[in-house]
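**Q** Sequences listed follow chains A and B, in order.
So the working numbering is basically just the index in the first sequence, starting at one, shifted up by 1.
So the working numbering is basically just the index in the second sequence, starting at one, shifted up by 1.
Same chains, same names: a pair is fine if it fits in one copy or spans any two.
Heads up, simulated BS3-like pairs for lysine-lysine below, C-alpha to C-alpha not over 27 Å straight-line:
#1 K140 - K154
#2 K296 - K37
#3 K113 - K140
#4 K37 - K288
#5 K309 - K188
#6 K154 - K113
#7 K135 - K113
None of these hints come from the bench; they were simulated from the model.
Just so it is clear, the structure is predicted and the values come from calculations on it, not from any experiment.
Number of protein chains: 2
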Amino acid sequence: MIKKIPCLFVVLMVVASVHAQERTLTERLGYPRDAKLLIVHADDLGMAHSVNVATIKAFESGLVTSGSIMVPCPWLPEIAAYARANPQADLGLHLTLTSEWTQFRWGPVAPKDRVASLLDNNGYFRLTETDAAKYADPKEVEMEIRAQIERAKALGIVPTHLDSHMGTLYQNKALFEIFLRVAREQKLPVRVAKAWFTRADFLPELLTPNDVFIDRVLDINPGVAPQDWASFYTDALRKLEPGVTEVVIHLAYDDTEMRGATSDHPAWGAAWRQRDFEFFTSDAFRKVLAENNIKLITWRELGKLIPK
Amino acid sequence: MIKKIPCLFVVLMVVASVHAQERTLTERLGYPRDAKLLIVHADDLGMAHSVNVATIKAFESGLVTSGSIMVPCPWLPEIAAYARANPQADLGLHLTLTSEWTQFRWGPVAPKDRVASLLDNNGYFRLTETDAAKYADPKEVEMEIRAQIERAKALGIVPTHLDSHMGTLYQNKALFEIFLRVAREQKLPVRVAKAWFTRADFLPELLTPNDVFIDRVLDINPGVAPQDWASFYTDALRKLEPGVTEVVIHLAYDDTEMRGATSDHPAWGAAWRQRDFEFFTSDAFRKVLAENNIKLITWRELGKLIPK
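Whole structure, please, built from the sequences with the hints as guidance.
**A** Written out as C-alpha cells, the structure reads:
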C-alpha cells in the first residue's frame, strides 16, 4: 500500500495534468466546450474625436464589448475621461508605433531622442508597420511601449488587455518577444490567435500554456463592397466555430474630421468605419448573435485566467 | 570748400536720419502716412482639421490675408502640404507652449526629457499661459521654439512671421527676450503692437527701431453676444485709425470635431470660430473695407523691412 499510494498519486496527477491541458479556453472561462464566444472589439480609440464618440455610442448599445486605446494620439484625454467614468468598460491599449495618415500625425510618448529608431525625419512614427519593424531598435520599442502603458495609467486607464496597432509588434520575433514580456509583467492578455500559429513560427515557440490566447480573429477586408458589408459579417457569424473569436472592427462616423484624417486611405476611411458602426450597433447583428447562440464576452474575463 | 563739404554731408546725414526715424511704418511700407493698413490674421492653423479647412477657404476669399501655424499640433502636416502648394501664402508660426483643451492635447516638439519644465504630469504642455510662463525654464523655452521652427522648415514651411499662442512668450521679460532673439536671428517680424508698450515696460525697452512692430492689434472679446459679432467688427473697422492694425481672428467650422475639441471652453468654442469665419468671408466685411479705405496687407510686406 505504501508503495501504491505514490503511484496512484502520480497517475492521478498525470491524468489531471493532461485533462488541464486539454481543457479548451471556453471551458476555462466556465462555458461548455462547444460555446461560441465573441469579443466585439473596436480599435483605434483616442485617434480622433469621431472614433471616440462613435465607439462610446456603440459600447452603450451593449453590442460592442471591448476597445483599445492609442496612447500617443491627440484625443487620448477624451477616452481616458470615459475610462475613469466607466471603470467597468473593457478597455485595453492599442500599442502604437506607426502614424499612418499623411495629413494628421503623431509621435512617441517617450522622449524623441531616446526612441530615434522609431521615427521618420520629421519626428513622427513611420507610416507603415513594415518600415516600423524594419528600422526599430528593440530596446527603443520596449521603452516606448512601457511609456505608453505608464501614460495610460497616469491618466486613470486600467487596461484589461494589450494589442498592437497595425500589428507592428507581430512583425518579427524580437518585437513579439518584447510585447509578450511586457504583457506578462503587466499580467495582461495580448491579442494572439491560435489560427495565426501557422503564419508565424515564433508565436507557438514563445507562448506557453499559461498565456491566454484566443482561437481566431475575424476582420473584414477593406476590398469588400459597401453593399456587402452586413452580409460579410452575417455569413461569418453564421459559420462561427466554437471557441473564442475576436471580431476586430473600426468605428467612427463618416464626418468631416474622419474624411480629413483618412483622405489618403479611402479603403480604410471614414465611410468604411461608419459601415462598421452601423452593422455592429444594428438589430440585424443582435439577431444573428441570438439565432446562432453566440455569447459576447470581454478581455476582462480572459484576463482573469492569468494568475495575479 | 574742402572744409565745407564734410559739414554739409553731416548736416544732410542728420536730416536724413531724423527723417528716417520719423517715417511711420505705413510710409516705410510705401503707403501714405494716413493709410489704414490691415492684416487679417487667422490663428491656430494645424490645431484641427476644421481650423485648417475653414482658414484655407477664408484665404481663398482674399479677405483673410495671413495665418499662423501651431507646429506641435496633430494637423500640422495638412497645413504644411497647403504651405508647400501655395508658397505665396502668408503663413507664420504660432509658437506654442500651452495645450489648453482638456479632451484633446499635445506636447513638445523637442525631446520631452529636455523640456520638462514646460510639461504637466502627463507630458502635455500646461493648460494656461500663466502656468506655462511661471514654470518655464527659459533655456527650455528656447530649445522648444527652435525645435518648432526647425520642424516647420523640415516640412517645407517658409514662415513669414512669428507669434505666440495664447501670448505665453509675452508673459515676462525673460520669455520675450528669447522670442525676440530667435526672431531677429531668423530675420522674421514678430507680433508686437506699439499699443502694448504701456502694458509691458520690457517691450519698448527691448525693441529697437530696426525691429518691425505694428501699431495695434484688434481682437474680439469672447463676451460679445453672438448677434453683435458683425457690428463689433464693423464698428471697430469704421473707427480704424491710420497705421498698421492686425485683426486677430480664429476660424473654424461649428462642427463635431471643433465642438468636441472646445467643449470645455464654450466662450472660445466652435460657434465663436464659425462666427469669425462668417464675418471675415462676408460681403459686409468687403464693403466696410472699401467704404473706409482700408487696405489689406500681409506680414510678408512687413518682413521685407528687415535687412536680410
